[in-house]
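*Asks:* Residues per chain, in single letters:
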Amino acid sequence: MADQPRTLMTLTINGQVVQAAKGTMLVDAAAAVGIEIPIFCYEPRLGAPIGACRMCLVEVEGMRGLQTACSTPVAPDMVVSTDSEVAAEAQDGVLELLLANHPLDCPVCDKGGECPLQDRTFRFGPGETRTLEPKMHFPKPLDLSPLVALDRERCIACFRCVRFSQDVAEDGHLTFQERGDHIEIATASGDPYEGRFTGNTIDLCPVGALTSNPYRFVSRPWEITNTPSVCAGCAMGCNIEITTRDNEVKRLTGRPEPNMAVEEGWICDRGRWGYPALRGDDRLPGAVLVDGVGRRSVPLERALGVAADMLIPHEARVGILLGEVVTVETGFLAMELGDRVGAAPAMVRRMGIPGDGLGLMRALPGAQMDDLDHADLVLVLGGDPCSQQPVAELRIRKARRRGVPVVVVGPRPTALDASCEVVRTAPGQMTDAVVAIREHLDGTRRAIVLWDEADLAAEPGAAEEIARAMAVTEGARAIEMCADVSGPGLRALGISADADLLEAIEAGGIDVLVTISADPTAGPAGDRWAAALDGVGTIIEMASYRSGLTDRAALVLPLLTPLEEEGVLVSMAGRAQRLRPGAREAAGAAAAWEVLIGITHRLGRPVPDRTPAQAFARLAARHAPFAGMDYGTLDREGAVIAAAVATPDPRRPEAGGEGLVIVPCTPVFGDATAHRSDALASVREPTHVGLAPVEAQRLGVRTDSRVRITTPHGEAVLPLRVDSRLHEGAAYLVMGDPAVRAMHLLPVDRGPVRANVTAVAREDVVT
Amino acid sequence: MTADEIEEYLAPMRHEYADPRSLILPALRYAQGEAGWLPPASMSAVAEATGFTEAYVESVASFYDRCYLEPVGRRVLNVCVTLSCMLRGSDEIFDHIADYLGLDGEGTTGDGMFTLQRVQCIGACDRAPCLQVDSGEQVGPLEPADATCLIDDLRDLPAPERYER
Ligand code: SF4
Ligand code: SF4
Ligand code: FES
Chain A
6 MADQPRTLMT
16 LTINGQVVQA
26 AKGTMLVDAA
36 AAVGIEIPIF
46 CYEPRLGAPI
56 GACRMCLVEV
66 EGMRGLQTAC
76 STPVAPDMVV
86 STDSEVAAEA
96 QDGVLELLLA
106 NHPLDCPVCD
116 KGGECPLQDR
126 TFRFGPGETR
136 TLEPKMHFPK
146 PLDLSPLVAL
156 DRERCIACFR
166 CVRFSQDVAE
176 DGHLTFQERG
186 DHIEIATASG
196 DPYEGRFTGN
206 TIDLCPVGAL
216 TSNPYRFVSR
226 PWEITNTPSV
236 CAGCAMGCNI
246 EITTRDNEVK
256 RLTGRPEPNM
266 AVEEGWICDR
276 GRWGYPALRG
286 DDRLPGAVLV
296 DGVGRRSVPL
306 ERALGVAADM
316 LIPHEARVGI
326 LLGEVVTVET
336 GFLAMELGDR
346 VGAAPAMVRR
356 MGIPGDGLGL
366 MRALPGAQMD
376 DLDHADLVLV
386 LGGDPCSQQP
396 VAELRIRKAR
406 RRGVPVVVVG
416 PRPTALDASC
426 EVVRTAPGQM
436 TDAVVAIREH
446 LDGTRRAIVL
456 WDEADLAAEP
466 GAAEEIARAM
476 AVTEGARAIE
486 MCADVSGPGL
496 RALGISADAD
506 LLEAIEAGGI
516 DVLVTISADP
526 TAGPAGDRWA
536 AALDGVGTII
546 EMASYRSGLT
556 DRAALVLPLL
566 TPLEEEGVLV
576 SMAGRAQRLR
586 PGAREAAGAA
596 AAWEVLIGIT
606 HRLGRPVPDR
616 TPAQAFARLA
626 ARHAPFAGMD
636 YGTLDREGAV
646 IAAAVATPDP
656 RRPEAGGEGL
666 VIVPCTPVFG
676 DATAHRSDAL
686 ASVREPTHVG
696 LAPVEAQRLG
706 VRTDSRVRIT
716 TPHGEAVLPL
726 RVDSRLHEGA
736 AYLVMGDPAV
746 RAMHLLPVDR
756 GPVRANVTAV
766 AREDVVT
Chain B
181 MTADEIEEYL
191 APMRHEYADP
201 RSLILPALRY
211 AQGEAGWLPP
221 ASMSAVAEAT
231 GFTEAYVESV
241 ASFYDRCYLE
251 PVGRRVLNVC
261 VTLSCMLRGS
271 DEIFDHIADY
281 LGLDGEGTTG
291 DGMFTLQRVQ
301 CIGACDRAPC
311 LQVDSGEQVG
321 PLEPADATCL
331 IDDLRDLPAP
341 ERYER
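Chains A and B are the protein sequences, given in the same order. The numbering of the first sequence is the working numbering, which starts it at 6 and goes up by one. The numbering of the second sequence is the working numbering, which starts it at 181 and goes up by one.
Rather than coming from a laboratory, the hints here were simulated on the basis of the structure. Here the structure is a predicted model, which is why all the values come from computation and not from measurement. There are no misleading hints in this set.
Here are a few chain A residues that face chain B, going by a calculated C-beta distance under 10 Å:
| hint | residue |
| --- | --- |
| 1 | SER170 |
| 2 | GLN171 |
| 3 | HIS178 |
| 4 | ALA193 |
| 5 | SER194 |
Ideal Cβ placement from N, Cα and C applies to all residues, glycine included.
Can you make the complete structure from the sequences, with help from the hints?
*Replies:* Quick look at the structure:
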């Protein structure tokens, strides 16, 4: 599928001479020279045009009748008229028919003011109606799901939503039922249209037929501002648009001008409907100080001074711990702060996977998500992109539809299994698949391997073998499916994982610990952390939400969230992209960069930056992966950071001992935001343990039984789900609900671990 | 009707259809032959035999008036109401039949013997007004009295072994 040289063709549109590449549809050739041909059904991201709505009729000299510009490719010397009397009359007529049964209830329609049907009717339509007959009426709105509302009267049967469901998400749910003026969007079963991507149908719908239930009647287009930003829900880094009204985030949508190298305009439902979390009960509204007087609120300004005082003593040994979702500016400014406090430079660490044994994988040439389209093999290695980086699933499916063979290797069942080749491995035994992987790679020239950071870090031996196999495969490239949103950015700054910080704390080597959006007591080896923190004199917590640290901290500084702050996140494909603030909902909170800069000022050793843009420019000058970047170069599509340099890594021991191997699963639909956002109540995934039927039988437990799961690092009692797709000999630990501890069962490096799982008798369940 | 039976029926014609979607219609028609309509189980069998989702199969079935998603009578009386038939009195024929069967417009008789429905052009304009029994005989031009006789004759026939609809 090497890209063909583009043959240019010359044609005339409305008297203008136009050049367009062979295969271009007339509608795009016209748009390129600023001529708008009205469309509804045409959407190249959904596949080949289907010519369903007839809106795009134009006159082409020498061709009988009118042509649909969306599905007529350019030809040499074509003479096209989009605004001749005949074309205009046809467009007029199509609109008249589309509106024949349309309720024209724009004043009460959420789409009103940002509706292609409305806009095109004004531009190309008849201007007045001749329809005297009564219109069709249907009950409305219908809930297609708790999240998506359907108004059948407004639907113009353009097929966009159905094509998304059938051909992009490939969930097969949405279809048309009946026909003509009774045509109806529905799921065959009558079940709700639920899935990971349903909200995209709302973005696609060119009328107000599909609308967002949580956004219903919330605002009108002239009251809102839309800010382009990036979703911080997972490492995929989808480009989004934040809709704000009255300083509140009211809606998130896919970006109307998509980033074709990342998400292609799609976002997942967790990304779309996570924003109500901003107003969750556990949001920290203001700074809190605990001292001799007691526990009290203090103004943020004052709190920054207090923080500086806590950090100033020259003998203090300081640790700074960064969480899983912080910007690179925050990481950089944390290091700057670390250089300015205490006896020696502070230990600045990130919560995350150390990455021993991953050096070779990381040194492989990287790829972008749109490279998948032109690959000759896509290999998914471990993890589960469908649940952990959902939009990656859509990109993989697209590649498969284009004929790229897709092979999924690993211990987890995934939503891709039904349509791709699957190499199922026993948990912790990816090595068994190395031969198969080599065979698949053999002879490829444009293979792309999507590999899971957590799974391969737990199997450094397999990682190295696979990396070697890839290194000798011509053209093979890799994309790391990172476990943490901040992982790639902070690693590029040289910030390493937190295991040695914990050891230092345990050895009594840290007097002041600053956490930034990080609660290690809820993370891997949480119990060990909790015990170690008893020995830390002062904890300063910077966070957006209450956590297990909030009651221990001497000072709590409230932070804004990624939807409210400016900064840069680096996606799993290494793309540095800009966050732009949509709102500032917690009035007493500040962005982490503001807080960090503020503290350096109060220390009397200020950093020179006043804005995140300046901080970024300075970090780009100092850290090679970001060389040459600034906010300008990142403006719309971001830029790819330079690959990391391979470092020889020490190997880590494999999981020994007895019991079931833990397979850690972190679906985004089960994460803290999904649990905080009430909009996602119907689709969120509870924290639980998954077992294969044989294991469940052995224990005498069933789905919804509670099981006690014990590892050397801790214990938890969790609900059980029995699933025949799971591997025996393993406990699939699905985590993320901030109210249910489970991550603490893992070792601090999130390495392999075995668990003892036992049934819980009803009477010992303490809740 | 099982998916295997449908697959067996489709096997000899598979090569005739370049696009496998085109197999859904003959499969539906075949499945409908068993009970005269398409219970959900038949729809799943068609989905399995053709390799499409049930949702897709149902969307195809719901497009066609003559795929029945609800039970219908032993015989379906299709009264054409398109232009030629309408001009030649199909409304009158329809009302007469409905009266005779004790139906209030379209519907199925209580004894499950007949379903009466209006259909669009059946390609028998030369015999307008025309009625078609299931997908078989087209009877026309009809006088109201002819319709009554036809119905009496049909009532005496045994149930067909396979329904052709
Ligand atoms: S609901 Fe919207 S997207 Fe779907 S067919 Fe109707 S108009 Fe098109
Ligand atoms: S895939 Fe990840 S980045 Fe994209 S919208 Fe979903 S949660 Fe956000
Ligand atoms: S846009 Fe061309 S037919 Fe719909």
